[in-house]
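K.L.:
As they're listed, the protein sequences go chains W and F.
Offset between the first sequence (1-based) and this note's numbering: plus 5.
Offset between the second sequence (1-based) and this note's numbering: plus 416.
One should not assume that every hint holds.
Simulated crosslink set (SDA-like; lysine to any residue; CA at most 25 Å straight-line) [claimed, not checked]: (1) Lys804/F x Pro247/W; (2) Lys21/W x Glu479/F; (3) Lys845/F x Glu812/F; (4) Lys832/F x Leu71/W; (5) Lys804/F x Ile323/W.
Keep in mind the hints are simulated off the structure, nothing from the lab.
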Amino acid sequence: MIKNNSFIIQSSPHIKDKDSVPKIMYTVIISLLPASFASVYFFRLKAVILLFSCIAAALLTEALFLWLRKKPLSSLWDGSAIITGMLLAMTLPPSLSPDLAIIGAVVAISIGKQVFGGLGYNIFNPALVGRAFLQTAFPVAMTTWIPPALTKINTATFATPLGNLKFQDAIAQGTLTPIKSLFWGNIGGCLGETSFIALILGGFYLLYRCAINWRIPFGIFLSLVIFTGIFWLTNPEKFASPLFHILAGGLMIGAFFMATDMVTSPITLLGTWIYALGIGIVVGLIRLFGGFPEGVMYSILFMNAFVPLINRYTRPRILGERRKR
Amino acid sequence: MKLKTFPHGIHPPESKDLTAEKAIESMPPPEKVFIPLLQHFGSPAVSLVSKGDEVYLGQKIGEGKTLFSASVHSSVSGKVLAVDNYNHPGGDSIPAVTIANDGQDRIFPELKKISNPFSLNPKDIQQIVREAGVVGLGGASFPTSVKLSPPKDKPIDTIIINGCECEPMLTADYRLMLEHPEEILKGAEIIRQATEAERIIVSIEDNKLKAFNTLKKYAKNSRTEITLLKTKYPQGAEKNLIFALLRRKVPRGRLPFDVGVIVQNVGTAKAIWDAVSQGIPLYQRAITVSGSGINKPKNILVRIGTPFKNTVAFCGGLKNGVDTLIMGGPMMGLSQWSLDVPVIKGTSGILAWVSSPSPLEYTCIRCSRCIGHCPMGLVPTQLMNFVKYDNLTKAEDWGILDCVECGCCQYLCPAKIPLVHWIRLGKNKIIALKRKKSA
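Based on the sequences and whatever the hints tell you, model everything.
P.N.:
See the structure below:
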């Protein structure tokens, strides 16, 4: 028999879904595993060292800031810092020295996330902030590429598929990377971006677990395909096909794992579309007409900046609300 | 065929198996009843009795004087012990009439049966329903006579009888539809007559196929339409239900009247029929006593004013360690601090369980699930921020007053933020400010 007057008072609803922030974060970590294994397969010890140093540096920086801000250290294990570390490592060239990677991770967590107030308050994707910092501070190290461990190519002239396309006139020379290599990932590039198959596996897992909004990758693909498709159809001698643009470079990892970061993407339905389509177009613009061969990082950061504005102007219509004249 | 439904919403576990196949049992009236004078939306009824009076079963003991009020009736025969403040499921202490049951159930002699209720004119029906103290039995307890008297300039064309019972765990409405289909349909017809509407639609979610088939059988030779809806929460919320069935949108801040619709719960329809045909006022109702903390979950017919203690004892008592007691459904019900509160007209269920330790609250990660599933099209996380930082004007601009507190947002929130709590706080603050301004 229980005593009277001993019941819990709380406001409704009294039942809750089982999903939680750490569960979402660990789902993302699991979804990054295929690409992590692929990177280790293609780049061996270099990949292991970069992944490990980035994750460790991210966790340590997070812990330091939580301590400074007098926040409970338990939120270190919500998974978000691990994701930032993993994602940063995957966007680094395999040849990068670990000390630079660690600097990147420290910047990612401190300037990319904690100065805004920690998880949930940052404007820009933390991993990309770290990468953008490295790209500006160490431009040479960030654009030096090595071939995957399995290929025997002259390393002196080695380039990523997109670099090859942009700077070495690959279409005219007939040296454009074949789609098959892009699909399996036996190509040059950042650690985790090379293997399409590993990334799409993780992406489908995220979609299956509803941990990302499908509209974001779909919208990015859609606008990039349309944008690059128009130029390809008008002049296939000069421009690569939309399929090449989808498979090459960091588009897959960007579309499935970075643009979909909940904190830095819009919260409204219409806003999500605007954001996704915008990323695809900016990627296309940079790749086709910009000074860099690749533009996924900058396009996501660029659209991140618009998110608060997009949210403000795309408030959903309330049931029974009249259209404004 | 594609089932009708509304956009957004959620699918919480239904958990109706505990009681769905259990027929409604009539619970013997307790020794003492505590009948609150406020059991409805509006102002309290005024007591008509005082200590020492003898009352009959069904005798009016509190008069609803204003339009938005309802009369209350004695649910037993016996002696008035007190007219004083007593516990109320709403949380506050509220004036209530305490009656000692003499066990005779002597029926109030002035209650009169009407042999042919369908010959009544709208005015009479409204009067009888008002006298019988009928309120909406779905949970909001809106005085039914008000709903039956639409303004002259707003003609009603459709009556919706709400048998969705979209709240998990509750099954009393389902049982009513199985056991009293005729009364429900007749009650619906009376509502139609009172409002001079054309159509009657009875809406049932597709997890209650048996109820659908039963009503379909009884409605075969009438114009009443029985419609199956997709099982989704909150399918039974008035504005969402109207949209699901008729694709009409009730304008913001308005009532179903404005789109020519009246929505009544199945229990209310039955109560209206009982009042009009038998002269029985609303002194008892069907409720579900369920949850993993109840020894023998049941659907019971219980007298208004029966303490929760007695209903729970009738259902085998509480299990050890029960720490959560709820009146209503798990999504919108009210937490109770004690078993010493009476069943009121708005009690649709009594639930009890042992709660799991409350999960850690995180900051909002802007996953936007609350927005994607809000049946009203609101932005709960943003409303929470406005309220948190006391930006009430902005909160009102973003539609905080349109929130029906269905709880979808908070149910889904992976950060476990008490969104509905913040929204309620904001609504109360805004309403208080408005009162101050107009005063």
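K.L.:
Are the hints correct? Go through all of them and say.
P.N.:
So, going through the hints one by one against the coordinates:
1. Lys804/F x Pro247/W: violated (47 Å)
2. Lys21/W x Glu479/F: violated (41 Å)
3. Lys845/F x Glu812/F: holds (11 Å)
4. Lys832/F x Leu71/W: holds (21 Å)
5. Lys804/F x Ile323/W: holds (21 Å)
Of the numbered hints listed earlier, those contradicted by the structure are 1 and 2.
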